[in-house]
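As given, the protein sequences belong to chains A and B, one line each in that order. First residue of the first sequence? That's 1 in our numbering, and the numbers climb one at a time after it. First residue of the second sequence? That's 1 in our numbering, and the numbers climb one at a time after it.
Treat the hints as calculated values from the structure; they're not laboratory data. A hint or two may mislead.
Rough simulated footprint, nothing fancy, chain B against chain A, three-plus residues with beta-carbon under 8 Å [said to hold, decoys possible]: (1) 30-44; (2) 50-64; (3) 197-207; (4) 297-311; (5) 315-322; (6) 351-363; (7) 400-414.
Only a predicted model underlies this, so the values are computations on that prediction, with no experimental measurement involved. For glycine and all other residues, C-beta sits at the position ideal for the given N, C-alpha and C.
2 protein chains.
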Amino acid sequence: MSTRAGIVVTGTEVLTGRVSDRNGPWLAERLRELGVDLAYTAIVGDRPEDMRAALAFMAEQGLDVVVTSGGLGPTADDLTAEVVGGFQERPMELDEALSGRIAAIVAPLMKRWPNIDPEAIARANRKQATVPRGATVLEPVGTAPGLVVGPPQSRRGPTIVVLPGPPRELQPMWQTAAQTDALRAALRDATVYEQRTMRLFGIPESEIAETLRVAEREGVELGRIEVTTCLKRGEVEIVARYEPDAAEVYAAFAAVVESRHADTLFSEDGSTVDQQVAALLRERSWTIATAESCTGGLLAARLTELPGSSDYVRGAIVAYANEVKVALADVSLELIETHGAVSSQVAEALARGARARAGADVGVGITGVAGPGGGSEEKPVGLVWISVVLEEQEPITRSVNLPGGRADVRDRSTTVAMHLVRRALADA
Amino acid sequence: MSTRAGIVVTGTEVLTGRVSDRNGPWLAERLRELGVDLAYTAIVGDRPEDMRAALAFMAEQGLDVVVTSGGLGPTADDLTAEVVGGFQERPMELDEALSGRIAAIVAPLMKRWPNIDPEAIARANRKQATVPRGATVLEPVGTAPGLVVGPPQSRRGPTIVVLPGPPRELQPMWQTAAQTDALRAALRDATVYEQRTMRLFGIPESEIAETLRVAEREGVELGRIEVTTCLKRGEVEIVARYEPDAAEVYAAFAAVVESRHADTLFSEDGSTVDQQVAALLRERSWTIATAESCTGGLLAARLTELPGSSDYVRGAIVAYANEVKVALADVSLELIETHGAVSSQVAEALARGARARAGADVGVGITGVAGPGGGSEEKPVGLVWISVVLEEQEPITRSVNLPGGRADVRDRSTTVAMHLVRRALADA
Numbered sequence: 001m002s003t004r005a006g007i008v009v010t011g012t013e014v015l016t017g018r019v020s021d022r023n024g025p026w027l028a029e030r031l032r033e034l035g036v037d038l039a040y041t042a043i044v045g046d047r048p049e050d051m052r053a054a055l056a057f058m059a060e061q062g063l064d065v066v067v068t069s070g071g072l073g074p075t076a077d078d079l080t081a082e083v084v085g086g087f088q089e090r091p092m093e094l095d096e097a098l099s100g101r102i103a104a105i106v107a108p109l110m111k112r113w114p115n116i117d118p119e120a121i122a123r124a125n126r127k128q129a130t131v132p133r134g135a136t137v138l139e140p141v142g143t144a145p146g147l148v149v150g151p152p153q154s155r156r157g158p159t160i161v162v163l164p165g166p167p168r169e170l171q172p173m174w175q176t177a178a179q180t181d182a183l184r185a186a187l188r189d190a191t192v193y194e195q196r197t198m199r200l201f202g203i204p205e206s207e208i209a210e211t212l213r214v215a216e217r218e219g220v221e222l223g224r225i226e227v228t229t230c231l232k233r234g235e236v237e238i239v240a241r242y243e244p245d246a247a248e249v250y251a252a253f254a255a256v257v258e259s260r261h262a263d264t265l266f267s268e269d270g271s272t273v274d275q276q277v278a279a280l281l282r283e284r285s286w287t288i289a290t291a292e293s294c295t296g297g298l299l300a301a302r303l304t305e306l307p308g309s310s311d312y313v314r315g316a317i318v319a320y321a322n323e324v325k326v327a328l329a330d331v332s333l334e335l336i337e338t339h340g341a342v343s344s345q346v347a348e349a350l351a352r353g354a355r356a357r358a359g360a361d362v363g364v365g366i367t368g369v370a371g372p373g374g375g376s377e378e379k380p381v382g383l384v385w386i387s388v389v390l391e392e393q394e395p396i397t398r399s400v401n402l403p404g405g406r407a408d409v410r411d412r413s414t415t416v417a418m419h420l421v422r423r424a425l426a427d428a
Numbered sequence: 001m002s003t004r005a006g007i008v009v010t011g012t013e014v015l016t017g018r019v020s021d022r023n024g025p026w027l028a029e030r031l032r033e034l035g036v037d038l039a040y041t042a043i044v045g046d047r048p049e050d051m052r053a054a055l056a057f058m059a060e061q062g063l064d065v066v067v068t069s070g071g072l073g074p075t076a077d078d079l080t081a082e083v084v085g086g087f088q089e090r091p092m093e094l095d096e097a098l099s100g101r102i103a104a105i106v107a108p109l110m111k112r113w114p115n116i117d118p119e120a121i122a123r124a125n126r127k128q129a130t131v132p133r134g135a136t137v138l139e140p141v142g143t144a145p146g147l148v149v150g151p152p153q154s155r156r157g158p159t160i161v162v163l164p165g166p167p168r169e170l171q172p173m174w175q176t177a178a179q180t181d182a183l184r185a186a187l188r189d190a191t192v193y194e195q196r197t198m199r200l201f202g203i204p205e206s207e208i209a210e211t212l213r214v215a216e217r218e219g220v221e222l223g224r225i226e227v228t229t230c231l232k233r234g235e236v237e238i239v240a241r242y243e244p245d246a247a248e249v250y251a252a253f254a255a256v257v258e259s260r261h262a263d264t265l266f267s268e269d270g271s272t273v274d275q276q277v278a279a280l281l282r283e284r285s286w287t288i289a290t291a292e293s294c295t296g297g298l299l300a301a302r303l304t305e306l307p308g309s310s311d312y313v314r315g316a317i318v319a320y321a322n323e324v325k326v327a328l329a330d331v332s333l334e335l336i337e338t339h340g341a342v343s344s345q346v347a348e349a350l351a352r353g354a355r356a357r358a359g360a361d362v363g364v365g366i367t368g369v370a371g372p373g374g375g376s377e378e379k380p381v382g383l384v385w386i387s388v389v390l391e392e393q394e395p396i397t398r399s400v401n402l403p404g405g406r407a408d409v410r411d412r413s414t415t416v417a418m419h420l421v422r423r424a425l426a427d428a
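Here chain A stands alone, though its shape is the one from the complex:
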């Protein structure tokens, strides 16, 4: 029997979509590393009866562990500790020592905010230090303590790990929770699975369905590996998860993917195109710069996402206005007037301008129609020209017609550009 878990994300602001949840995905990955099978993530608002119903559902499904995030703050709508205490049939008790430790954390923070009522703060501290009897307390990283709360002695049921909502508090506190005796006991039967990821670019997802059928016909025992495929930022991702003794089955499956999709398979070790571009630049000791119109700096922002990117990113020019294309990226006004700002010629000129002005080895130019306005029959919304120039070579320039709205077109343009850069660097 595998060890199964659920996640309960609390907060009306998450349920209603005003805040996007970062904890569910992060916790999912941590559970996977521990060999735990995540069965459900439920998002509930700040209503105690809805939270209780979600916990009861997860208990009925026979889950071994439930992790909650959020609802540990100082406001009246922060109810998680109390609801979990009630669900595990444990009375709530004020932990005086914990209350003192929270007060010691809060005191210096409050210096930033003068004129705050000290009685309100004391009340908030006491609320946050009131915990279910017998729970293991996880020391606060912010001001809210977390909890590991076992089932009541009267019945079987999940061990519940209660964590605060802010990711930078939740993440270290999860690591602490994973070391507690209470959680280790609940996870003792977990099997550690292997997981492998392949990525392809420039292929429809339906082709992978066919490849799975081919692999099966060729005798690969796909029943022993769990394969999921998805489209993600324009790439197809194939993830396989299996028990360690099915490693040969995965190898056979990967061989079928390699032979059928050699031209579109760019990652067999799960590395992203961003990591590959960074590694290729480092290998060659080359630097890169961009000149962007429709993406407005998104490609530069993406290139500088990775720590240490200052080793190879020189900078960028966001040339939104045509005059800026001329003044900062050396695009000639005549070129813009002759071919239009969205053209292969301007994309190439931007790439050359970025390279020359920033003193980089590699220059990238992007110009397109992100929409919703500005499209024409000849140059519709979604048309994007991308150009890459290396050293003194001729630029490599491509156009794409990207689907979706403004945000989709801008984001997808950066993916296409990353792949064009990757190919250019790999071939150089």
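We have chain A; now place chain B onto it with these hints.
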């Protein structure tokens, strides 16, 4: 009795956190507009028994409507239509006419991908055209049809709306679903609520808890409005939801917030700081440009997120390397050597450089330590200097110490910069 709904997001790639869900939040907002109370969002993998358990849970909670997203594709792990058909006790039947319509959609798309097996495509079309008996079919926007499937005659239960996973297919298909007789019947008792949003910047969330207590003491009937507060990208958001006859209660509550938080309340109509900056620039017919170091173009990307931003965004310089700060943004090398790249002086020089080089009315400079490396005792990770210069005036320059990891510091820097720009423009 209010009308209540649930959302079931399907897909192992979402459950395991490899793809972040955009549909749940979008659907939550649409349900709210129709006066429907969203009770739960559940994320489940591509396992039919888990999907059935989630549907059964939502039915047990007495929900009137359940909306599912995902699992309508051509691959074998796409099971939603079949699971929903089974749950509503309806046999699956091939809709030949629908199969023909899907084939007509797919044919031109397949021209992009030569060498694809036509039999595999025909099989995929038939799978996607096999639907529960008596369901209302929603015509495909991509290739997958959606469904509105009522409960079986034998029992009460939710009407289930089945939508595809890609947001640009799901969104128009939801609008179609909302017009069907089947869904309108399920929603006929919905109450339309009012919703109002206030935003504050530069205040801890706990202060709002105190304000709620003050409002209550002053006699505001808070029981008649549902107030939730949350921290979002460094801002505090207060959302109130209420039946139309509680409008006066909301006005009284808003007056308490205004009087207590006049200095930090920047939005009483739900507008974002991004929208306010755009409106202020348009009002004054001013243009803006940025010169960014640690944010790597994120502020320019944020300024160009809004459609029509080419009216007021001139461009940007991403000056990651010091030589680029000198060459493209006119920062003197001496200034960098004397004060360091992360300093008020360099932030100001960047703001002036952006303004002059891009020919803009407003220049913004950002320089900081995003981490994880590069910090020192004097200039720790999270220290960011931001400067705004208008016309020929003295720059307005501030430093902040931002918490969190590299991505947090970069993102939060853009929020602080937007607020600094907003104040500078509002005071101009």
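Out of the numbered hints, which ones does the structure contradict?
Result: no hint breaks.
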